[in-house]
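Protein chains: 2
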Amino acid sequence: MKKAITVGIDIGGTNSVMGAVDRDGNILGENRISTTDYPDIHDYVSALQEAILEMLKKIPEEIELKALGIGAPNGNYYHGTIESPPNLIWEGVTPLCKLMSKYFTEPVVLTNDANAAALGEMIYGGAKQMKNFIIYTLGTGLGSGIVINGEVLYGHTGFAGEIGHTTMVPGGRDCGCGRQGCLETYVSATGIVRTVEELFAKRRVHSPLRDVPSDQLTSKMITEAAQQGDPIALEAFDKTADMLALSIVNSVAFSSPEAIFLFGGLSNAGKYIFEPTEKYVNEKIQSIFKGTVKILPSLIPENNAAILGSSALAWKELEKINADK
Amino acid sequence: MKKAITVGIDIGGTNSVMGAVDRDGNILGENRISTTDYPDIHDYVSALQEAILEMLKKIPEEIELKALGIGAPNGNYYHGTIESPPNLIWEGVTPLCKLMSKYFTEPVVLTNDANAAALGEMIYGGAKQMKNFIIYTLGTGLGSGIVINGEVLYGHTGFAGEIGHTTMVPGGRDCGCGRQGCLETYVSATGIVRTVEELFAKRRVHSPLRDVPSDQLTSKMITEAAQQGDPIALEAFDKTADMLALSIVNSVAFSSPEAIFLFGGLSNAGKYIFEPTEKYVNEKIQSIFKGTVKILPSLIPENNAAILGSSALAWKELEKINADK
Numbered sequence: 006m007k008k009a010i011t012v013g014i015d016i017g018g019t020n021s022v023m024g025a026v027d028r029d030g031n032i033l034g035e036n037r038i039s040t041t042d043y044p045d046i047h048d049y050v051s052a053l054q055e056a057i058l059e060m061l062k063k064i065p066e067e068i069e070l071k072a073l074g075i076g077a078p079n080g081n082y083y084h085g086t087i088e089s090p091p092n093l094i095w096e097g098v099t100p101l102c103k104l105m106s107k108y109f110t111e112p113v114v115l116t117n118d119a120n121a122a123a124l125g126e127m128i129y130g131g132a133k134q135m136k137n138f139i140i141y142t143l144g145t146g147l148g149s150g151i152v153i154n155g156e157v158l159y160g161h162t163g164f165a166g167e168i169g170h171t172t173m174v175p176g177g178r179d180c181g182c183g184r185q186g187c188l189e190t191y192v193s194a195t196g197i198v199r200t201v202e203e204l205f206a207k208r209r210v211h212s213p214l215r216d217v218p219s220d221q222l223t224s225k226m227i228t229e230a231a232q233q234g235d236p237i238a239l240e241a242f243d244k245t246a247d248m249l250a251l252s253i254v255n256s257v258a259f260s261s262p263e264a265i266f267l268f269g270g271l272s273n274a275g276k277y278i279f280e281p282t283e284k285y286v287n288e289k290i291q292s293i294f295k296g297t298v299k300i301l302p303s304l305i306p307e308n309n310a311a312i313l314g315s316s317a318l319a320w321k322e323l324e325k326i327n328a329d330k
Numbered sequence: 006m007k008k009a010i011t012v013g014i015d016i017g018g019t020n021s022v023m024g025a026v027d028r029d030g031n032i033l034g035e036n037r038i039s040t041t042d043y044p045d046i047h048d049y050v051s052a053l054q055e056a057i058l059e060m061l062k063k064i065p066e067e068i069e070l071k072a073l074g075i076g077a078p079n080g081n082y083y084h085g086t087i088e089s090p091p092n093l094i095w096e097g098v099t100p101l102c103k104l105m106s107k108y109f110t111e112p113v114v115l116t117n118d119a120n121a122a123a124l125g126e127m128i129y130g131g132a133k134q135m136k137n138f139i140i141y142t143l144g145t146g147l148g149s150g151i152v153i154n155g156e157v158l159y160g161h162t163g164f165a166g167e168i169g170h171t172t173m174v175p176g177g178r179d180c181g182c183g184r185q186g187c188l189e190t191y192v193s194a195t196g197i198v199r200t201v202e203e204l205f206a207k208r209r210v211h212s213p214l215r216d217v218p219s220d221q222l223t224s225k226m227i228t229e230a231a232q233q234g235d236p237i238a239l240e241a242f243d244k245t246a247d248m249l250a251l252s253i254v255n256s257v258a259f260s261s262p263e264a265i266f267l268f269g270g271l272s273n274a275g276k277y278i279f280e281p282t283e284k285y286v287n288e289k290i291q292s293i294f295k296g297t298v299k300i301l302p303s304l305i306p307e308n309n310a311a312i313l314g315s316s317a318l319a320w321k322e323l324e325k326i327n328a329d330k
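One line per chain: the protein sequences are H and D, in this order. The opening residue of the first sequence carries number 6 in our numbering; numbering runs sequentially from there. The opening residue of the second sequence carries number 6 in our numbering; numbering runs sequentially from there.
For reference, chain H alone in the conformation it holds in the complex (with noise of 0.2 Å):
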């Protein structure tokens, strides 16, 4: 019997990664071509559809495509399109999807990279028994995936699911959204690195990293000075706990979810990120909720996340186009 696969894209700004993935989320192979190559969009799909077939050949073991996903920044999975991405060369609403299926008879799907995450928590990591929950991917921004009833939420427009974008602090620092105060000035890679300079405006105390010209500093040091006792860095990451356990017990709020998984760079810190998390959520939470959500790591290596996620998409369009059977 024949192996069925699905092949999962991730669109980045400057590459598109693809892998071939089975059911159990082992990935038989990989590929990748440069996105800022192509800047007509037809380009970009006819060299996407070559690297695919040419994964695919490589793979040793029989195989059967069933599906294809794609992560992509602002995709939109109603409509399979890309809309006016910050970050890509594309301007406008561009039909992937409808672009994909002249050359693949299978199902494509698209969505944006943090439900893609989303999903392949579900599909392959640690929320496989659940049905409500919510994914915070922490990178330079902070993007989102919203778990409702075993689906992903996408909403009226098909964009549900920016809580990076919500507004924590009204007249707060000012976001690539245009607006300000949005939680991912606070909590993300980049956030914690503007409470570091809050902190060295308002602190007396010396940090090493105060030798770092501001423009190079980099969550990753502010951990590793967090791990050396520092008390800058320390209270940084109390700081950026603080405002996200404020998102967190607003979140369970709303949805009221069983658990909220915390996915890449600052979640990496570990302990110095979760400890203080889970005491200020502990703290701020509705008491009706208390004892109702578990904060957690993502199951899925960083790695590969972006491959599995996008191809876990794709696993679940299948199980949905099953049950309309």
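It is possible that part of the hints are untrue.
Same chains, same label: a pair holds when it works inside one copy or across any pair of copies.
Each computed BS3-like pair below joins lysine-lysine, with the alpha-carbon atoms no more than 25 Å apart [unchecked claim]:
hint, residue 1, residue 2
1, K244, K284
2, K71, K207
3, K330, K136
4, K136, K325
5, K284, K207
6, K103, K133
7, K299, K289
8, K325, K295
Hints listed in this document are in silico derivations from the structure and should not be mistaken for laboratory results.
On the provided structure of chain H, position chain D as indicated by the hints.
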């Protein structure tokens, strides 16, 4: 042919009201009992059952009872229980649906008042064609019912949809829930009174509202003062709308609904609340959601809303049962 009806029951701290309602929202009969007269829940359920039968007997048409729906504070849909309600006399967990099923063979379902309001809007009101919307019920507190993919959002615990207890101002106004800065301390009939009190302290301008003892100030007086052009009342509505808009914008980022319905006391202030709320939502909303969400008054008449909402819960349950067949 007998006319199919459901019975809607709303359990309040003082009275329990009930009505027999057809699928179009016509109320064919009504009755009520005192809630406080029955400290023993078994006596209460017995009296409730008698009142229902008495009501049904008086209906001249031939009817067929299909299901019963109950709206109650801290009502848990999953378990059919009322759990530690702050304003009811029964403490702990009351298995109301189970107790009712001793008297009725028809399905008996239960949820909280705001979720019932959402169902009323969906079955009889302005959300008949909508799959994704939120209702804010602006009474003494602020309740919310969230509908996603045509289903009320109950979450993992059954208690999802507590937008009134999202934290808007860390360390802000004391809330009845024991925490601080919850939305309902700003956006509700009591919230706008507190805002007027703040403005008394902040502004020097004359206002007839200053003649009213603080304990006797009501949101109705503030609405009437606004209609007379009173600057304190107008500023209080503006501030209330500003905070409401912030919550709406954050709700849109979370679940991207097609509409937000405003229901109850404060929403009766009409343009004084709707116009500034729309203005602030337009100012604050993330560009990706601009123009995607309508802010609408509930179409359910307030005096019948409790009965209609809980009867709608029963109709919705019948839809689910039929879909599962």
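Contradicted hints - numbers only
2, 6, 8
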